[in-house]
Amino acid sequence: MEKRKENGGEEWNEKEERRRRKRRKRRRAKVAVWGPEPLVKAVLQGQEAGQKDLITGDPAHYLLGSTRGHVTASDRQEDNMAVCIAVIAKENYPLYIRSVPMQNELKFHYTVHTSLDVVEEKISAAGKAMADQRELYLGLLYPTEDYKVYGYVTNSKVKFVIVVDSSNTSLRDNEIRSMFRKLHNSFTDVMCNPFYNPGDPVQSKAFDSMVSGMMVQAS
Amino acid sequence: MPYTAMSREPPRPSSFLAMAGSQWELPPELCCRPMAFVALTGLDVTYNAVHRAIWDAFCANRRADRVPISFKVLPGDHEYPKCRTKRTSYEWYIPKGILKTGWMNKHLNLVPALVVLFYELDWDDPQWKEKQSECATKVEIVRTSLQGRNTKVAVVLIQKKTPLPPGEDLVASERASSLCNACDLSGKSLFVLPHTDHLVGYIIRLENAFYEHAQTYYYTEIRRVKSHKEFLNKTTHQLLFVRHQFKIAFFSELKQDTQNALKYYRTAYSLVHELRAHETNMLEIKTMAGFINYKICRLCFQHNTPLDAIAQFRKHIDLCKKKIGSAELAFEHTAWMSKQFQSFGELFDEAIKLGLTAIQTQNPGFYYQQAACYSQDRKLMAQQLCQAGAICPAPDPLDTPTRGLEFYGQRPWRQGHQSIDPPDAEKERTGILALQIKERDVPHSELIIALLSNAVAQFKKYKCPRMKSHLMVQMGEEYYHAKDYTKALKLLDYVMCDYRTERWWGLLTAILTTAVRCAYLMANIKDYMTYCMELLGRASTLKEEQKSRIEKNLFNVLKNEVPDPEPECEPSGASAAAALWKDCMALSGSEFSIEVQDYVPFIQCKARFLAPSFHVDQLIRLQVLLRVDCPHPVSFNKLSVSLSNQVYNQWCVLESSGQDKICLSPGETSCFSFNFVAKTQDVGKKIEMTGIELMLGSGRWVFLSWRGAGGDAASAHEALQASRLSRPRGHGTEAWQEGDWDSLTMQHSTMIISRIPKISVQLSHQPPALNNEMYCITLTVQSQEEGVARDVRLTAGLKPGQDANLSQATHVTLNGAQVCDASDPALLPDIPLGDLNPGDKVERCVYVRCVSTGPRVFLFHVAYSINTSVDGQEINCNCHKDETVTIETVEPFDVSAKFVSTKFEPLERVVVDVPFVLMTDLLSSSPWPLLLHSSSLQLVTMTTCVPQPQSQLEQVVLQTGECASECFCLQCPPSADGNGTVATGQYVISWKRESSSPDTPLVNTSVPLPHILLENVPLYIHAELPSFGRVRETLPVRYHIENRTALVQEVEMAVEPSDAFMFSGLKQVRLHILPGAEQQLLYNYYPLMAGYQSLPQLNISLPRCPATHTHTLRRFLPQRIFVKPQGRQLDDAFIAAA
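Top line first, the protein sequences correspond to chains A and B. Under the numbering used here, the first residue of the first sequence is numbered 5, with each subsequent residue one higher. Under the numbering used here, the first residue of the second sequence is numbered 7, with each subsequent residue one higher.
Worth flagging that the hints you see were computed from the coordinates, not collected in a lab. Predicted model, so just to flag it, every value in this text is computed and none were measured. Hints may be right or wrong, so weigh each one.
[What the hints assert, rightly or not] Only pairs whose alpha carbons sit at most 16 Å apart, straight line, appear in this in silico EDC-like list of lysine to aspartate or glutamate:
hint	chain 1	residue 1	chain 2	residue 2
1	B	Lys327	B	Asp383
2	B	Lys144	B	Glu85
3	B	Lys466	A	Glu124
4	B	Lys467	B	Glu356
5	B	Lys469	A	Glu125
6	B	Lys328	A	Glu149
7	B	Lys328	A	Asp150
8	B	Lys166	B	Asp203
Start from the sequences, fold in the hints, and give me the full structure.
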């Protein structure tokens, strides 16, 4: 049941994403937006305005609505198939790195570290033009023969990096986006923990288990 | 491949790449740009100067705008490659391979598209007939040699004369046609080259014509190859489909038709992948696919469609990635893959040099990197597959009779074999073995390093510092594998700092582990220890047992013993290293110091002065805090702190006595305190820690040194994190005692400040100061010292650093007896006050004169010296105490003056020689009562009517807001010239504060009086009358009329009747007044009414002087008079009686 819920969330996020894009277009025409979207927007882009993330909890919990029932678990079998997930601090040191066991862990560290070159470049390129409207999701950072590396930067310049096996063609952009969003929400929870000192390595069990859910299960 | 740390740029041994990868290198004829091949014959370039000039014009300085032709000079009887008889049917033909190795070269360099015969012959040559037939023979020889080919032949006549325009030279046209007939040439193939001044121009025209012929030739070749297609069938001739498409494409390239060439290459590429692939022909297919892919990518870049090139390359890689071929030769596949990436990278790089813009995520570096990656795989596979010790079979199956292959990508031992199974299993086995043996000798590491360094250069260019670091780590590791430990260390050491500053500890640990192995194998003691120390430190992610092992090794080295070999070192290297270590140990006694600040060493050090400043009579206290992160306790021999003033260093040394070493326990903070007394001459100076040294070792001594007050590469960030966590708690001096090492801050410098003075300085004065007065400030200094305060000195006055004008307007003196002047300074320095015994008091008055208003800051600085003892040490300190006071200066009073007539009417102008009155008002604005001593007038032109009048204000005391007024009767002497403004003079007031002592000097304040306007009147009239009248009593009035002109004045005068008076006297009169003379008129008025009564009005007119009329004269006369009522006689008598 838990799995279903999550998948439902994914589906919902995907739909929401599409709607969001449309709305973004509409917003340019200064049309008022109605519905749960502004709240989502607040969670996704407005958070971390200060030192800490202020929004608690997963917005999906109270925004899911009725769409949850429409998705079946079988639709999403290939979901959550990252081989490495990393959270990088503003100063570019790792806060959390988790890679698939059995494989060369060091190699993933190097992959994540080198991807920061592209992240930095993308941030600085976007930073000049429009710091406020910058999209958090950076997309595919760079392709290697074996892996695809995706990046995401929060407003407080904490970076998320997801490495996916390049043979895994089932993951489309939308799935990656929603993975990042889950990651961001979970990280927000970590930041809200009053016992967590921002800048320290992330050791939250909840975060760890959420990441585990997104990783390729070692067989 | 020398790697210099100076350039910071890894070497790029590209020539080496070409040499070592020869088997996989793309043939040069594939990589060049195909150009039409034209052979020139009949030119003797060695001995004939004219021919030489012609040849030079063809080949020298060919710029890009010339047509793309490759020329070659061949002898007239050159043998061109024989043309095999053309096949008429492919029915029974089974192709042996895809593309012959010689084919491209043949069409680039051997078979010309056009043969040009140069022949010296003028139209009017006397031996025309003979020469014509000789020429025809030469043409025939060339034709015979080219039997069966479509190669064109052209003749160029080298002539000495400039030809006439076409059609004019009849002989020429006739002989030309006869020559064409004789040589069997078309008119288009006969050219004339006059050997004149414009040689290059003629040559360019010639080569354009040649180019057209060549185009036609390649066009027919394309047609010829295309025509084969109809004879082919898909079952047996699959190889030919590829071959023909490749040939058409290649001919199109020769024809410079790159668009079509690209099209045909693409077809060829798809055809090559349709071939039935099996183990025996896999290499041939891949080789050809690689060739065609190379051509396609090259053309795409040439057509400025780099995305097509990249897409094609990706497709190529995806298609070929899995085509490994024989498992025993798997290294061949990786070598080939590496070459694919490398050559694409080179194409990409070349395109960039020609103007293409690459981006961070799509640049040649990625391809070089991938090439290196495949080379690494190749090395691994080669290590797995190629067993050492196998001997090369004889005869060598790789030797071929022709020293080469007939077809690209085939096996030397079974050339031309196209069926699925190898013909001879034994031959196959030995062949594979021979290849494996050959692979064993390939210098893989050097190949990998070369590729990596290419990639590094690219990533550096495209702002990928981290990628660059990563590749340099790989290079370092490869050098390590290649046993070039020096270079490995250089590279690793260089990148380590990047990972350290970015705090990627996992990666840093991995690099350090490799580095420590290198250092071990080289027996480089210093590096070995440095890396060990960092691996033991808190940044290391090693497991505890590994740390224990490293710590044991480190202590062994410190005991001057050989450390255990690092795990994963190969045994032979380890034993060689052990010998090196023994040698090192023999040369013991060497001490060295390791600068650990930029690392994360296993001993952390933080030092601090306990306060940011110390008084000179206090002990200066500093602490050095040490903490070890390794698993076992560490002991040290000596700890020393160096300070900016080296005199103090002797107090900051801690040395272990004898065998008892000072021990540091893991995870605990050890604190070492040092105290010393500052030198008095250092007062006002800063003392800084310049370094901390810790001596370790028992057989070999190592100094760990920190600059400044310690800390290391990671401590700044840790302190920041700790500060975020903890609430600020004061200065945190005792914070470490709570066990929080991270939040402990370093204090690397302290200030030595002077001793706190124990004297009191009090000021008493009565503000505000009045402008110009001698303002008295009384200063009382009282000593609270326990000893004698010697040589007390006072500096008093205006505090420096204020408005510059203030120092001009302020004067300070100690002498209160006389008013000071501009010669006195604004600040009195170093007034000696003598010595002060304990409890004694000294008092001084300082007088300040401020000549402008506004606030001022005054400084009173009392300095003295005293002997005191610190920690049993007698020192002589200088102390000082400063008092400042802000004093406002105000004006003591305001003075105003006005002029009035004798009737007290305000005057606008003053009439010359007529008395008037000056009135002054002095309004006190001082908060303190003022004593006015006297006042006087200093007149310029005026004279007083009263000689030397006495001041009316003498000894008057004015309270705040009170006003003192004075009148002076003045007159302006007639000498002053007529009308105009005249200065009056000054009003001088002498005053002082009422409260001041009698001997206080007076202050003289002069106030300038306003200027007045003068006026001359021709006639002056004034009346003489009593001060009052009485009803019905005679009131005698005498009018004086003075003529003040130099003329006789005629005056008409009349008295108007009045209700209040009866009068007797002349009612109307006309009189003459001589110059300067005066007339008097006497009237007796008889008042009728009491009270203020207007006098009868006098009407005066001067017929000679119409400007002066009654009205102007009337102002001199009294207007009214007070008339008293008539007293009763009785009352008068009564009064008289009384």
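> Is it true that the CA of Lys166/B sits at most 16 Å from the CA of Asp203/B?
Replying inline: 11 Å, holds
> Does the structure keep Lys328/B and Asp150/A at a Cα separation of 16 Å or less?
Replying inline: 14 Å, holds
>> Would the hint linking Lys466/B and Glu124/A be met if the CA-CA limit is 16 Å?
In response: Status holds; Cα separation ~15 Å.
> Going straight from one Cα to the other, do Lys144/B and Glu85/B come out at no more than 16 Å?
Replying inline: 13 Å, holds
> Is the hinted pair Lys469/B and Glu125/A satisfied, with a Cα-Cα distance of at most 16 Å?
Replying inline: Holds, because 8 Å separates the two Cα atoms, which is no more than 16 Å.
>> Between the alpha carbons of Lys467/B and Glu356/B, is the straight-line distance 16 Å or under?
In response: Holds, at about 15 Å.
> Has the given pair, Lys328/B with Glu149/A, been kept, meaning a C-alpha gap of at most 16 Å?
Replying inline: Within the cut-off at roughly 13 Å; holds.
> Within 16 Å, alpha carbon to alpha carbon, are Lys327/B and Asp383/B?
Replying inline: 13 Å, holds
The structure is consistent with each of the numbered hints, conforming to all of them.
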